[in-house]
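Heads up: the protein sequence lines correspond to chains A and B, in order.
According to numbering that gives the first Met the number 0, the first sequence holds residues 0 to 422 in order.
According to numbering that gives the first Met the number 0, the second sequence holds residues 0 to 151 in order.
No lab work stands behind these hints, which were simulated from the structure alone.
There's no promise every hint is true.
[Said to hold, decoys possible] Result set (SDA-like, lysine to any residue): computed pairs, CA atoms no more than 20 Å apart in a straight line:
hint, chain 1, residue 1, chain 2, residue 2
1, B, K4, A, K126
2, B, K4, A, Q415
3, B, K41, A, R422
4, B, K41, A, M384
5, B, K119, A, D367
6, A, K126, A, S321
7, B, K4, A, V389
[Claimed, not checked] Beta-carbon label-pair distances, calculated as ranges:
hint, chain 1, residue 1, chain 2, residue 2, range
8, A, E173, B, S62, 30 to 40 Å
9, B, S62, A, R31, 48 to 58 Å
10, B, E9, A, T292, 42 to 52 Å
11, A, D314, B, E91, 20 to 30 Å
12, A, V155, B, S62, 26 to 36 Å
13, B, S62, A, E171, 48 to 58 Å
Virtual Cβ for every residue (Gly too), placed ideally from N, Cα, C.
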Amino acid sequence: MVTEMSSSRPKIDPPRPAFDVERIRADFPALRQTVHGRPLVYLDNAASAQKPSRVIETVRRYYTDDYANVHRGLHYLSERASDAFEAARGKVRAFLNAREDREIVFVRGTTEAINLVASSFGQAHLKAGDEILITEMEHHSNIVPWQLLGERLGTVLKVAPVNDAGELLMDEFERLLGPRTRLVAVTHVSNALGTINPVERIIELAHARGARVLIDGAQSAPHAAVDVQALDCDFYAFSGHKLYGPTGIGALYGKRELLESMPPYQGGGEMIREVSFTRTTYAELPFKFEAGTPHIVGAIGLGAAIDYLREIGLDAVARHESELLDYATPRLREIPGLRLVGTAARKAGIASFLLDGVHTHDVGTILDRHGVAVRAGHHCTMPLMTRFGVSGTTRASFALYNTRAEIDVLVEAIRQAQELFRR
Amino acid sequence: MNELKELYQEVIFDHNRNPRHFGKLAHASCHAEGFNPLCGDKVSVYLRLDDRGVIEDVGFDGSGCAISVATASLMSETLVGKTRAEAEALFERFHSMMMGEEAGGDAAALGKLEVLSGVKEFPSRIKCATLAWHTLLAALKEEQDRGSVSTE
Chain A
0 MVTEMSSSRP KIDPPRPAFD VERIRADFPA LRQTVHGRPL VYLDNAASAQ
50 KPSRVIETVR RYYTDDYANV HRGLHYLSER ASDAFEAARG KVRAFLNARE
100 DREIVFVRGT TEAINLVASS FGQAHLKAGD EILITEMEHH SNIVPWQLLG
150 ERLGTVLKVA PVNDAGELLM DEFERLLGPR TRLVAVTHVS NALGTINPVE
200 RIIELAHARG ARVLIDGAQS APHAAVDVQA LDCDFYAFSG HKLYGPTGIG
250 ALYGKRELLE SMPPYQGGGE MIREVSFTRT TYAELPFKFE AGTPHIVGAI
300 GLGAAIDYLR EIGLDAVARH ESELLDYATP RLREIPGLRL VGTAARKAGI
350 ASFLLDGVHT HDVGTILDRH GVAVRAGHHC TMPLMTRFGV SGTTRASFAL
400 YNTRAEIDVL VEAIRQAQEL FRR
Chain B
0 MNELKELYQE VIFDHNRNPR HFGKLAHASC HAEGFNPLCG DKVSVYLRLD
50 DRGVIEDVGF DGSGCAISVA TASLMSETLV GKTRAEAEAL FERFHSMMMG
100 EEAGGDAAAL GKLEVLSGVK EFPSRIKCAT LAWHTLLAAL KEEQDRGSVS
150 TE
């Protein structure tokens, strides 16, 4: 919010082009439906986001007109498909502001990206006794790969705790960042609580101790602009389906020299230079990490989703979602018997809560009957739930197409749930 | 909204607020722990059987939603005095009701458990109602396995 103070003559600033949420909603066919006779209020975006017509139409068009396998056919369709697939890689590169296209590896999603790093970075750079530092708020997908690696290599997993607001305790994090820490793997935004982690500071501290850093961007990429060069992270992973793109596609960014130092993750076609029964040499980046026929149309669809988001502008999206959270938080707080779980000072558009006397699953079912889609459960963060002494929460998570009116519906549905249970 | 009222009947609220047979059973013949990894619901079922295999008493504890707590409570009430075979037959009958299948034989045998029939309209909640039952089967199996080991 910049106000012009130095202007010599009074003038009326042209209004900032309003974020036209109704126009955006019109881009998402799924939002037009009713559920149990009520208009759908989709607040489960942290699990997966709905798709704009642009993405749906792109996927349809490529399967209809431009589909063939990539990187090997000499024929017209294969060339077209290859061009589109590589153009999508370029869009991901620009989206993350990576230096080079070959630093972008297409994967199935964040989970596969983290498993790739665990397996391949682990094999090249880690040995028994080396430490991997994560936080208490990680998704299972940023916990279990490191445990599997520990079973294979004898690496040690360290966990930095959070405070009662769900903020990372930076003192503890620094204390745990020891001489044997080789990798810090941390989520940018907590999927269960909405906490935005100070990744800039985390990366700075880790690098000062010689540790590499992987950022789990599953919950940050769709909601705010990311610049991997400015962050200076070593790896950054995100999923397409939370970014309004298709399922089964995501990307891993890795610094080139680091990716080059790592062995392939899987073997097969596409990832080789030359194969014989005695010796095989591997392809250049990024193909070394992309064995088998990739999710071609998924990648192209993800490219379309990125185009769509960039046209709206990630800053505008972030502002809109932040306004939704600012609107929702006090309204939820004034509901008697409702407790927010996750009250960090820096939060993304996620409201996780508990209702006195109403189990989260009962809340989920009742909200569903009001047309409100939320997630009820542990959000694949069981250790974090244990930290807060709960088995789960009800979570409403916002996206660019959500409105204040929808939050009003959520609040009313919560009151109805309380009413029903008060009988 | 009518399905919601069908699901959350007064009896269910009653058993959720004041679960019967709640708590660990002293001198249990067997017990088992049930866990639904999808939602984190946990229930333990304790059984005391007499020499003839009749269930003398039942206890359960754990945490879960209204449906899972009420089911465990209603199940426990119903099981007292039943033989192992009768308990297993009740499981089958309850399971059929959840699957929306025609209840074979004596449908009235479910008694109070009939109030849970509304759950079948909520596919994502059927697991909440069957967790305690699967735990019951596991407890009975534990008792049987141990029994067979001891007789060998």
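Comparing the hints with the structure gives:
1. B:K4 / A:K126: Violated. K4 of chain B to K126 of chain A sits at ~58 Å, over the 20 Å cutoff.
2. B:K4 / A:Q415: holds (12 Å)
3. B:K41 / A:R422: Roughly 26 Å separates the two Cα atoms, so the pair is violated.
4. B:K41 / A:M384: holds (14 Å)
5. B:K119 / A:D367: holds (16 Å)
6. A:K126 / A:S321: violated (42 Å)
7. B:K4 / A:V389: violated (27 Å)
8. A:E173 / B:S62: 30 to 40 Å: Given range 30 to 40 Å: holds, Cβ gap about 36 Å.
9. B:S62 / A:R31: 48 to 58 Å: The hinted range 48 to 58 Å is violated for S62 of chain B and R31 of chain A, with Cβ atoms some 39 Å apart.
10. B:E9 / A:T292: 42 to 52 Å: Roughly 57 Å apart at Cβ, these two residues miss the hinted range, so it is violated.
11. A:D314 / B:E91: 20 to 30 Å: violated (59 Å)
12. A:V155 / B:S62: 26 to 36 Å: About 32 Å separates the Cβ atoms of V155 of chain A and S62 of chain B, which means 26 to 36 Å holds.
13. B:S62 / A:E171: 48 to 58 Å: Taking Cβ atoms as reference, S62 of chain B and E171 of chain A lie about 29 Å apart, which means the hint is violated.
Going down the numbered hints, you'll see the structure goes against 1, 3, 6, 7, 9, 10, 11 and 13, while the others check out.
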